[in-house]
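*Asks:* With chain A held as given, fit chain B onto it using these hints.
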Amino acid sequence: MKNYETLFLFPSDLAETAAQKAFEEIKKQIADNYTGTISFSEWWGKRALAYKIGSFTTGFYALLQYSFPPEKMVEFDEELRLLPKVLRFLTTLAPEGDPLPYSAVVAEDRAFAEEKSAGKRRAKKRPSRIENLKSPSSSAPKAKMAPLGDADAEND
Amino acid sequence: MNNTPKTSMAKVNKKCAFCSLGKKHIDYKNIGLLKQFGITFFSKIKPRKYTGVCLPHQKRMSTAIKQARFMALVPFIK
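For the record, the sequence lines run as chains A and B. Sequential numbering of the first sequence, starting at 4, is according to this note's numbering. Sequential numbering of the second sequence, starting at 8, is according to this note's numbering.
In short, the hints are calculated from the structure, not lab data. Some clues are possibly wrong.
Listed next, the stretches of chain A that the computed footprint assigns to chain B, with coverage defined by at least 3 CB atoms under 8 Å from CB atoms of chain B [as the list claims (entries may be wrong)]:
| # | segment |
| --- | --- |
| 1 | 40–54 |
| 2 | 97–105 |
Distance condition first, Cα-Cα at most 25 Å in a straight line; then the derived PhoX-like pairs of lysine-lysine [as the list claims (entries may be wrong)]:
| # | chain 1 | residue 1 | chain 2 | residue 2 |
| --- | --- | --- | --- | --- |
| 3 | A | LYS88 | A | LYS31 |
| 4 | B | LYS66 | A | LYS5 |
| 5 | B | LYS73 | A | LYS55 |
Remember, it's a predicted structure, so these values are computed and weren't measured experimentally. For each residue, glycine too, the CB sits at the ideal point set by N, CA and C.
Bound-form chain A, shown alone (with noise of 0.2 Å):
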């Protein structure tokens, strides 16, 4: 058995449950038929293409790591691939520690992009409202809560 992992790639002309549906159908194929044990599973959600597929602009991702007998692995790329309701999809050994979440992979991809637009105009640039959200005392207008709070220390 050898740790696997694949990201599939499905076509946004299905309704989202439906591809969702799918995505559980492949998983229980590989427990049921191929004996392999699923470790990380994580739907992505619609997202936008790099580039035109066919038609589609949008898909739907989903990641999902598993044990897999290595003997096997050709046949069942064989009948991923003949599944209409797959797009696209890309096996690779599971590297070693913990699978990337796609909440990382968006919060690396947005930082690139502020990096970027911030070196064009840093004079503009504003904390952003998800740092706001995550550090409510950091920000200004919050100011007025801050007296509370430390009241409240002090009673305890």
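*Replies:* Here is chain B on its own, set in the frame of chain A:
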């Protein structure tokens, strides 16, 4: 007689960013990282001269970019 050293461009020894972080594997799903290091604005793979990454990591990164391209996470050309 001629003891003056040869005038040449000063060599800048860049350190590999992945080696200094201790990263072995480069994930193709890590799009921000690939955009930052590996590809230009037109989404071409940057040569090692510009990335300053050691050869093993450069090879891994270029395969990661190609995998990301196949899964439509990163464009082939812009």
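*Asks:* Does each hint fit the structure? Answer for all of them.
*Replies:* A quick look at each hint next to the structure:
Judged by the Cβ-Cβ criterion of 8 Å, the segment 40–54 of chain A is covered by chain B as claimed, because 3 of its residues qualify and three suffice. For the segment 97–105 of chain A, the stated coverage by chain B is satisfied: 3 residues place a CB nearer than 8 Å to a CB of that chain, which reaches the threshold of 3. Simply put, LYS88 of chain A and LYS31 of chain A have alpha-carbon atoms about 16 Å apart, close enough for the 25 Å limit, and the pair holds. For the proposed pair LYS66 of chain B and LYS5 of chain A, the alpha carbon gap of about 24 Å is at most 25 Å, so the pair holds.
Distance hint between LYS73 of chain B and LYS55 of chain A is fulfilled; the C-alpha atoms sit about 17 Å from each other, no more than 25 Å.
Hint check: no violations occur; every hint is consistent with the structure.
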